[in-house]
Amino acid sequence: MENQLYLSSSPHIHSGETTDKVMRKVIYALLPATALSIYFFGLPALSVLLICTLGCMGFEALSCKLMKKPIALADGSAALTGILLALNMPPSSPWWLALFGAAIAILIGKQVYGGLGYNPFNPALVARVVLLISFPVQMTSWTSPAPLGSGLDAITTATPLGEMQTAVMLTGKLPELAHSGFLDYLTGNMAGSLGEVSAIALLLGGLYLLWKRVISWHIPVAFIGTVLVIGAIFWAVSPEKYPNPLFHLLTGGLLLGALFMATDMVTSPVTNKGMLIFGFGCGLLTVLIRLFGGYPEGVSFAILLMNAATPLIDRFCRPKIYGQAEAKA
Amino acid sequence: MLASILTLGGIGLFAAIALGIAAKKFAVEVDPRELAILEVLPGANCGACGLPGCGGYAKAIVAGSMAPNLCPPGGAETIEKIAHIMGVEALSSAPKVAVVCCQGDNIKASLKYQYLGLEDCNAAQKIADGPKNCPGGCIGLGSCVRACPFGAIEITAEGLAVISRVNCTGCEKCIATCPRSVIKMTPLSATTHVLCNSNDKGALVRKYCQVGCIACQICKKVAPESYTIENFLARVVYDSAENAEVAIEKCPTKCIRDFASGYPEGSSFAAVGPGTKPEQAA
Amino acid sequence: MNPKTMDLKTFKGGLHPPDGKEFSADKAIEICPLPEELIIPLAQHIGAPAVACVEVGAKVKKGSLIANARGFVSAPIHASTSGEVIAIEPRPHPMGKALPAIVIRPDGADSWDESLKSANPGDLTAEELKACIQAAGIVGMGGATFPTHVKLSPPADKQIDTLILNGVECEPYLTADHRMMLENTEQILDGIDILRKVLGIERAVIGIEANKPDAIETLRKEAALRNIEVQALEVKYPQGAEKQLIDAITGRQVPSGTLPMEVGVVVQNVGTAAAISAAVRLGRPLVERVVTITGPGIKDPKNLLVRIGTPLQFLVDQCGGLNGEPAKIIMGGPMMGQTQLSLEPPAIRGTSGLLIFRKEDLPRYEAGPCIRCGRCIGACPIHLQPTTIAAYARLDLFDEAAEYHALDCIECGCCTYICPATLPLVQSIRYAKAAIMAKKRTL
Amino acid sequence: MVELFVILVSAVFVNNFVLARFLGICPFLGVSKKVETALGMGMAVIFVMTVASVVTWFIQYLILIPFGIEYLQTIAFILVIASLVQLVEMVIQKTSPVLYQSLGIFLPLITTNCAVLGVAVLNIQKDYSFLQSVVFSLGAGLGFTLAMVLFAGLRERTDLSPVPKSFQGTAIALVTAGLLSLAFMGFAGLVKG
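Residue numbers (the numbering used here), protein chains in the order written: chain V, 1 to 329; chain X, 1001 to 1282; chain R, 2001 to 2443; chain P, 3001 to 3193.
By construction, these hints were calculated from the structure, which means they are not laboratory data. If you're wondering where the values come from, they're calculated on a predicted model, not measured in any experiment. Cβ coordinates follow ideal geometry from the N, Cα and C atoms, glycine included. Hints may be right or wrong, so weigh each one.
Said to hold, decoys possible - One side of the interface only, derived from the structure: several residues of chain V facing chain P at Cβ under 8 Å:
(1) V112
(2) F121
(3) V129
(4) I133
(5) F292
(6) G298
(7) A302
(8) A309
(9) L312
Stated by the list, open to error - Below, a list of computed lysine-lysine pairs in the PhoX-like style, where the Cα atoms sit at most 20 Å apart:
(10) R:K2097 - X:K1207
(11) X:K1201 - X:K1220
(12) R:K2097 - X:K1201
(13) R:K2130 - R:K2158
(14) X:K1024 - P:K3094
What the hints assert, rightly or not - Over 10 Å on every C-beta distance to chain X, these chain V residues come out as not near it, computed from the model:
(15) F135
(16) T140
(17) P175
Work out the full structure: start from the sequences and follow the hints.
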């Protein structure tokens, strides 16, 4: 009879908070924003969401099978990537675009690096940027919201940020929409990606994550704070040319990015100091690209660029260990 | 045309002169033999010579601080080439391979406890001296697999390390990492080995392992020249092991194996003939 | 005073696992009866094992010297009851292997050795007191079992100004120190007085976690009369780790790679203080200690006063036996304790608890890849990056692991406890530490 | 002054030599396994680019144009740059072994680097003044260093990852380089220049 007792190295208890639970909480946090975008954009939004999510899970299972690894769908990370990708797509995206995005996100963004935990770039953002550069037309055709049951038809229109860029380029002045309509921006009644729309729903999800301690405050606060401060400086210098910082905050993907994409643990720094630097860098690059760059929206690029800098930030932001300062003195 | 030839030629000449002067004035000695030796070394930087890499070894040979026969992966051919470069007589070193002297996988050898934690033999060994009742047997968590720079070791499905005689270069890295010294260096020419590493008495070995050496002396009786028994464990005497195979059939616990006729159970390696070292996969 | 409103001190990092102390916190200490035989291992402390000085067949009394210390960093061992030495041979040891032990068959009388003399600490000099402590074989009772007389002998160039008494007991499930503080208050305070005299200092602080308000209150009442401070501490693991406790109470940080005396502090467990008092006043060497026998795998968890050498099985029997099939037997607490091969080994000087879990109490997780959430970094009381060190350790990159201060790890287990990927981080770091130390030795 | 700043920013970010112009890929892939070496390489490139652009600017305007042989630009530049770098290497090796260890060992690798030649040629193509070309080459070098160091950081991380066998080594490095380049596309249009 063999000894059935377990022997192991200490400690012998665990908090019970496992990776799949963490991922599940992030998915819960995204539910309000997802529901609201389905309300505003109707069935097309739902189909993009389903294609992206199921696509990501399918490609994850496929690549695990190809590499003869255990199929890791249970950790929920593929589904999360799918939802985040969908939230980064225009509601009018054709099905093949969404599917292609899912393939890029999982295969190139994640699995070639060895799967969960090893990808240096946020997979959903990799997919979004690849699509944006490869299919600029499809990725920038926006529709106005047509809430379920309102009987409205979705009309092609521009996002507030896009309109602002065009107006500034043509007239050198901000368009009317940069000064008003903030209530619509807050609830999400505007054109944009699925997840860019409702500030309130995103904030709700973000607060849930902060409350559950899935994310720490450092990245969102540094990110949003930097955008607000730099936005405010430009606005104070020339309110004719540069928009109100609130406009920066409520339109585009800033809240989605700051609360859900930049806080992706795998691709952001691990130390608090590093997270502050990371958030600051994201904010700075976002404002610069929005105000001066060729693309109307800079959140995705800013986060990807800071993802690239993450190994360096980690390297130079090691926490000071206990007793180290005294040892040197 | 002339202008172009002259200007380009002029620039070239000026550069040549400047470089020529600099080469004389700022010359730094590098022994050409060092480069030549580096060329013939395998370049795996495995560290079997005791230095961090092939470059360091090349430097050390030229400096005379190390002998040229300390590169097991390179084999005789490399030694000869280095010796040729250095102009010294080659020292012979018979090719050796590492052998895991254990067949007690998780089915054949009993467990002392259920191990939970890091998949590493050294880590498991620290917990109550390892999860197997046998104090010398292979733990099978693959520390040697990770240590092997040549990918020559596999762990079978039932948790036993097996070393490929084709891919092993004799660098001894696995021996350095194994917490139980269950891996031994043996001459490549010898294919028959006693695959047990327990110094416990036969009665105790029988309790925890189906394929352990119980020191019954039968092998020594059948082939007295080929076997010795020390500390309740039989070993092949490789210097005089002409007829070691004859004992295989007689061994009651089947702990003697001729690798020429097959690797231990569960291994994916294909048996190779005695003494030969087939072409290594490129 | 309500401890919740008190000014609670603490350190940076750490976490608070469910403490499971409700099993045994309100169980008064009971005296454990005599077992059939006592197995007293020669290795019970950090440092060189003791050397047996009795023969098989010798008759011994409770408190008789049965093994001499070997060298300065070592401690003598005494018989924990009266009886006959029936064997000196390797026996199962809590370390997980058979190690030399003196086996005594009790005669049932449990009579003390008459040669043991009681003394009045006021009549002895500091040196005499220290010799008394050394002769009584007192070691750290918190679990580390470092010989106490060594800690009390700082080099001449180190000025000690504070004595900290560790009554934190931050390990979940354990309540032995808690009960000691409630029931042996007088003895602990007396031990503190002796320690202060040995060290020649005035300031003594007892650190207690705020989850033991009754202990804080009891000690406060008595301690004030003797000019001993009682500091309530935030409930956080590993508050009771020496370096973290010093940081919490004095705000000083012990430099990396040095001992607390570097910052003028000596830390002793409250149990050690009580043992010192017994050793000096009653002349009784360290032959028994309080052990918490607890966990969901025990029918009736208890705090027992146990003779050193009592087999674990006997302790379990005193507590109503096992409750279901045990899956893990842990000597010590769940965060730093050691798993046991069986219930055969005896309780030794460092045995603060015996904790038994059943299979259903230990959900098993498959270790996944690190998702770089950084929780281990936030929880590490030394502010290391456990995941980075562990990643290097898995790839055998020990120089890099050393660069990330692997050697400073105190193995408290916070990182492994919190890791969502359920990686065995502490084990990887321990592995790296061993490799780094081995490398250092060969250089 | 503003103009010089625009040239600098453009050379570092928008038209990054490695990630937008795809020049100097060889050292970018070759010497980016460790952040320290990448930094050393970057420093060497900054140095060589700046020195080379100064020298080639003079060659162009003092020799090639007066003699009307601009068509020999490429070969003349290569000749000059290669011998210049070797010269510098020898001098450093002899005079400062410390500097040689940190910087000099990279010099042979960049003697015929296309990024260096690229800077020299672009300086002429863009009709930059002397000061402008110095700033441009400095920016190009800085951009190269930035890309190198970011990339080396990423590679150090992927080296610790269980990358599927068929993607190990250069393959995953190229994927990473592609993604990094993709991220740098975000700078497009940042400064019109």
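Right, here's what the structure says about each hint:
1. Interface hint at V:V112: satisfied, since its Cβ lies 5 Å from the closest Cβ of chain P, which is below the 8 Å cut-off.
2. Here the hint on V:F121 is kept, as its CB sits about 5 Å from the closest CB of chain P, short of 8 Å.
3. Evaluation of the V:V129 hint against chain P yields a held restraint, the C-beta minimum of about 5 Å falling below 8 Å.
4. Here the hint on V:I133 is kept, as its CB sits about 6 Å from the closest CB of chain P, short of 8 Å.
5. Taken as an interface hint, V:F292 checks out: its beta carbon lies about 5 Å from the nearest beta carbon of chain P, inside 8 Å.
6. Taking 8 Å as the C-beta cut-off, the interface hint given for V:G298 holds, the closest approach to chain P being about 6 Å.
7. The interface hint given for V:A302 is met, as the beta carbon of that residue sits about 7 Å from the closest beta carbon of chain P, less than 8 Å.
8. Annotation: interface hint on V:A309 holds; nearest CB of chain P at approximately 6 Å, less than 8 Å.
9. Interface restraint check: V:L312 against chain P, minimum CB-CB distance 4 Å, threshold 8 Å, status holds.
10. For the hint linking R:K2097 to X:K1207, the alpha-carbon distance of about 18 Å falls within 20 Å, and the restraint holds.
11. For a cut-off of 20 Å, the pair hint linking X:K1201 to X:K1220 stands: about 17 Å separates their Cα positions.
12. With a C-alpha separation of about 18 Å, the suggested pairing of R:K2097 with X:K1201 holds against the 20 Å cut-off.
13. Simply put, R:K2130 and R:K2158 have alpha-carbon atoms about 18 Å apart, close enough for the 20 Å limit, and the pair holds.
14. With a C-alpha separation of about 11 Å, the suggested pairing of X:K1024 with P:K3094 holds against the 20 Å cut-off.
15. The claim that V:F135 is not at the interface with chain X holds, since no C-beta of that chain comes within 10 Å of its own (minimum 43 Å).
16. In this structure V:T140 is separated from chain X by more than 10 Å, as the shortest Cβ-Cβ distance comes to about 49 Å.
17. With a least beta-carbon separation of about 59 Å from chain X, V:P175 lies farther than 10 Å from that chain, consistent with its non-interface assignment.
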